[in-house]
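Here the protein sequences line up with chains D and Y, keeping their order. Position 393 of the first sequence, counted from 1, bears residue number 392 in numbering that gives the first Met the number 0, the numbering being contiguous throughout. Position 103 of the second sequence, counted from 1, bears residue number 102 in numbering that gives the first Met the number 0, the numbering being contiguous throughout.
Accuracy of the hints is not assured; some may be wrong.
To be verified - DSS-like mimics (lysine-lysine), calculated; alpha carbons at most 27 angstroms apart, straight line: (1) D:K75 to Y:K79; (2) D:K358 to D:K321; (3) D:K321 to Y:K109; (4) D:K68 to Y:K29; (5) D:K83 to D:K154; (6) D:K348 to D:K405; (7) Y:K2 to D:K424; (8) D:K68 to Y:K82; (9) Y:K134 to D:K203; (10) D:K68 to D:K186; (11) D:K203 to Y:K109; (12) D:K412 to D:K398; (13) Y:K79 to D:K68; (14) Y:K116 to D:K321; (15) Y:K2 to D:K205; (16) D:K265 to D:K236.
As the list claims (entries may be wrong) - To spell it out: a stretch of chain Y is covered by chain D in this simulated footprint if at least three of its residues, at any positions, have a beta carbon under 8 angstroms from a beta carbon of chain D; those stretches are: (17) 31–40; (18) 57–69; (19) 72–83; (20) 86–97; (21) 132–140.
As the list claims (entries may be wrong) - Partial pick of chain D residues on the chain Y-facing surface, computed with a CB cut under 8 angstroms: (22) F67; (23) S306; (24) I417.
Worth flagging that the hints you see were computed from the coordinates, not collected in a lab. No residue lacks a Cβ here, since even glycine has one placed at the ideal position from N, Cα and C.
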Amino acid sequence: MKKEKGLKNRKYVIVGNSIAGVSCIEGIREIDSDGEIYVFSDEEYFNYSRPLISYYLEGRLKENQLNFKEIDFYKKNRINLFLKTKCEKIDLDRKILYTTSGNFEFNYIFLGTGGKPILPKIEGIENTEKGTFTFTKLNDAKKLKKYFEEKEIKKVVILGGGLIGLKCAEGFLGKGISLTVIELSDKILPNTFDSLASEIIENKLKENNCEIIKENTIEKIISKNGILKEIVLKDGKKISLDVLVIAIGVFPNTDLIEGTKVEKNKGIIVDEYMRTNFPFVFAGGDVAETYEFEGIKTVIPIWPRASKQGKIAGINMAGGDKKYEGMFIMNSVDFIGISTISFGITNPKNEKDYEILKKVDYEKRIYRKIVIKENRIVGAIFLGDIERAGIICGLIRNKVDIHLIKKFLIDDKFGLLILPESYRKHIVKGEGIEV
Amino acid sequence: MVKKILIREEYCIGCRLCEVFCITEHSKTKDIIKTFKGNEPRPVSGIYFEEVGYISFAIQCRHCQDPPCVESCLTGAMYKNRKTGAILYNKEKCVGCWMCVMVCPLGVIKVDLKNKKVASKCDLCIESGFPACVKNCPNEAIILVDEKGERIEE
Numbered sequence: 000m001k002k003e004k005g006l007k008n009r010k011y012v013i014v015g016n017s018i019a020g021v022s023c024i025e026g027i028r029e030i031d032s033d034g035e036i037y038v039f040s041d042e043e044y045f046n047y048s049r050p051l052i053s054y055y056l057e058g059r060l061k062e063n064q065l066n067f068k069e070i071d072f073y074k075k076n077r078i079n080l081f082l083k084t085k086c087e088k089i090d091l092d093r094k095i096l097y098t099t100s101g102n103f104e105f106n107y108i109f110l111g112t113g114g115k116p117i118l119p120k121i122e123g124i125e126n127t128e129k130g131t132f133t134f135t136k137l138n139d140a141k142k143l144k145k146y147f148e149e150k151e152i153k154k155v156v157i158l159g160g161g162l163i164g165l166k167c168a169e170g171f172l173g174k175g176i177s178l179t180v181i182e183l184s185d186k187i188l189p190n191t192f193d194s195l196a197s198e199i200i201e202n203k204l205k206e207n208n209c210e211i212i213k214e215n216t217i218e219k220i221i222s223k224n225g226i227l228k229e230i231v232l233k234d235g236k237k238i239s240l241d242v243l244v245i246a247i248g249v250f251p252n253t254d255l256i257e258g259t260k261v262e263k264n265k266g267i268i269v270d271e272y273m274r275t276n277f278p279f280v281f282a283g284g285d286v287a288e289t290y291e292f293e294g295i296k297t298v299i300p301i302w303p304r305a306s307k308q309g310k311i312a313g314i315n316m317a318g319g320d321k322k323y324e325g326m327f328i329m330n331s332v333d334f335i336g337i338s339t340i341s342f343g344i345t346n347p348k349n350e351k352d353y354e355i356l357k358k359v360d361y362e363k364r365i366y367r368k369i370v371i372k373e374n375r376i377v378g379a380i381f382l383g384d385i386e387r388a389g390i391i392c393g394l395i396r397n398k399v400d401i402h403l404i405k406k407f408l409i410d411d412k413f414g415l416l417i418l419p420e421s422y423r424k425h426i427v428k429g430e431g432i433e434v
Numbered sequence: 000m001v002k003k004i005l006i007r008e009e010y011c012i013g014c015r016l017c018e019v020f021c022i023t024e025h026s027k028t029k030d031i032i033k034t035f036k037g038n039e040p041r042p043v044s045g046i047y048f049e050e051v052g053y054i055s056f057a058i059q060c061r062h063c064q065d066p067p068c069v070e071s072c073l074t075g076a077m078y079k080n081r082k083t084g085a086i087l088y089n090k091e092k093c094v095g096c097w098m099c100v101m102v103c104p105l106g107v108i109k110v111d112l113k114n115k116k117v118a119s120k121c122d123l124c125i126e127s128g129f130p131a132c133v134k135n136c137p138n139e140a141i142i143l144v145d146e147k148g149e150r151i152e153e
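Bound-form chain D, shown alone (with noise of 0.2 angstroms):
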């Protein structure tokens, strides 16, 4: 992609202020230092951190220390941003965003629209006006906050045990509260976790007071007067309580893109270039689905991803000329004080397919589990002690032979040393580094 010619001041538009929009700004700035750009968010906020609300639940942080950017950047990159803006339609043939500040021309549009919370479709929660939450905005967290302020609540149920439920669980422990977490699978955080390392997690969570009910789910909220009283779960049993956070996943936001012609199947279909159907239309972060890590095409909803695909689509986007590589899953969280790191395949289904190296300390709760497949790592868990997982990360990333090593994966000297000459080599050179 050549920058275009005779094409000056450029206009950019970013729906969406939160990492992806954000590192869109970066991107562009990087390249073109003159083009207008314009941000549009539909929240209050000159910018904050969705993951650290649950920090804000739990009153470790203030609302003024959950932005990740500072005030002035916006200033310094020149950025008109418009806040509490709602987008609210496109018009791709004459280039122009609707918003409720306004209409805008454009050269360039970037969606960083995000994902929303997944409603399921439980009889009676369209009733539940006060009592029920979603919980993935700094809003969301306010509102939970306020109910807890104004009213007095003695019941809290999640539905959930994923990580974003866990998450706000944890913000409610300590705090004299009965709290339940429900979840579907056999056992909690089933996307991130194998069996060993959710047990862990769910006895240290048991031991803080905090129920958990698995394989079930809600099948009916009862209300009175739009206030939230019971649940009836699908074996029957019956919880009263105060407050139900539904945190069952996200999916991408498309709602901008839908009677357009952009192409979009679970997210935004996007090309390495994060360009969608449309030249001039961008997009990146939880609401784009491209090639990933080994050729498989999803939506990986998890920051450093979002951070990466921003930069890579304003980069393009002012004429640059740089292709994303594709990332894994992996997630760093730390639950009621145990860290916890996460890569790729951490629990395969077919185990035979796979060699497993575990190695387990029950007491301390500390746990590793590397998963290979034909002598590349896959997968790993580490748990109670993180140091240096960042070497697996680059194992997987940069696919590397490791059938020489294996014995000292999980063994006390796992470091760089241990690593093949070359790939250490390699990695320890970086940019005019000399070994």
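With chain D fixed as given, assemble chain Y onto it according to the hints.
For chain Y alone, coordinates are given in the frame of chain D:
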């Protein structure tokens, strides 16, 4: 000016003085005796020292051109200094989410649980201007060079 620390593993004699002086340089008093014997909390070293058999080497952050740690940081604590290219972090902003630990292919970002729960890594001795590990390496296994690769001495 972009400075780089080179490591030459063939010269490393495994004395670990780089670690000792890194810790001292980042302590409150910058006094070696007080740092190791006194009551002040001892900082975490920005260096990883490794030894297997006869081979040893010490490595610190490579201050990557395209740093995955900065890209992954949830709080904006990790950043790249535009002038020097050094990858630095703001301790006040860091919440210890360990995204940086997860993505660093060299595994050179440490978990510092001693003080506030934050990440810990090499800062190129930004306060004194000359890296303590380079200054105190007795066998020139760790040296400092400029962007052309010319050696810089204190």
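Okay, the hints, checked on the actual structure:
At roughly 16 angstroms between alpha-carbon atoms, D:K75 and Y:K79 fall within 27 angstroms of each other, so this suggested pair holds. With a C-alpha separation of about 40 angstroms, the suggested pair D:K358 and D:K321 falls outside the 27 angstroms cut-off, and the hint is violated. With a C-alpha separation of about 31 angstroms, the suggested pairing of D:K321 with Y:K109 is violated against the 27 angstroms cut-off. Between D:K68 and Y:K29, the direct Cα distance comes to roughly 32 angstroms. Violation of the 27 angstroms bound is thereby established for this hinted pair.
Between D:K83 and D:K154 the CA atoms are separated by roughly 33 angstroms; this puts the pair beyond 27 angstroms, and the hint is violated. Annotation: proposed proximity of D:K348 to D:K405 holds, straight-line Cα distance about 22 angstroms (limit 27 angstroms). For the given pair, Y:K2 sits about 20 angstroms from D:K424 by alpha-carbon distance, which is consistent with the 27 angstroms threshold. For a cut-off of 27 angstroms, the pair hint linking D:K68 to Y:K82 stands: about 19 angstroms separates their Cα positions.
Only pairs whose Cα atoms come within 27 angstroms are accepted, and Y:K134 paired with D:K203 is rejected, the gap being roughly 46 angstroms. Between D:K68 and D:K186 the CA atoms are separated by roughly 37 angstroms; this puts the pair beyond 27 angstroms, and the hint is violated. A distance of roughly 25 angstroms separates the Cα atoms of D:K203 and Y:K109; the hinted pair therefore holds under the 27 angstroms criterion. Annotation: proposed proximity of D:K412 to D:K398 holds, straight-line Cα distance about 21 angstroms (limit 27 angstroms).
A threshold of 27 angstroms between alpha carbons decides the hint, and for Y:K79 with D:K68 the separation of about 13 angstroms falls inside it, so the pair holds. The hinted pair formed by Y:K116 and D:K321 fails the criterion: a straight-line CA distance of about 36 angstroms is larger than 27 angstroms. For a cut-off of 27 angstroms, the pair hint linking Y:K2 to D:K205 is broken: about 51 angstroms separates their Cα positions. Distance hint between D:K265 and D:K236 is unfulfilled; the C-alpha atoms sit about 34 angstroms from each other, more than 27 angstroms.
Taking a C-beta to C-beta cut-off of 8 angstroms, the region 31–40 of chain Y contributes 0 residues in contact with chain D, too few for the three needed, and the coverage statement is violated. Check on the region 57–69 of chain Y: 6 of its residues sit with their Cβ under 8 angstroms from a Cβ of chain D, so the three-residue criterion for coverage holds. Judged by the Cβ-Cβ criterion of 8 angstroms, the region 72–83 of chain Y is covered by chain D as claimed, because 4 of its residues qualify and three suffice. With 5 residues having a Cβ less than 8 angstroms from any Cβ of chain D, the region 86–97 of chain Y passes the three-residue criterion, so the hint holds.
Only when three residues or more bring their CB closer than 8 angstroms to a CB of chain D does the claim for the region 132–140 of chain Y stand; here the count is 0, and the claim is violated. Annotation: interface hint on D:F67 holds; nearest CB of chain Y at approximately 4 angstroms, less than 8 angstroms. Evaluation of the D:S306 hint against chain Y yields a held restraint, the C-beta minimum of about 5 angstroms falling below 8 angstroms. A least Cβ separation of about 7 angstroms between D:I417 and chain Y falls short of the 8 angstroms threshold, and the interface hint therefore holds.
This entry does not satisfy hints 2, 3, 4, 5, 9, 10, 14, 15, 16, 17, 21, going by the numbered hints stated previously.
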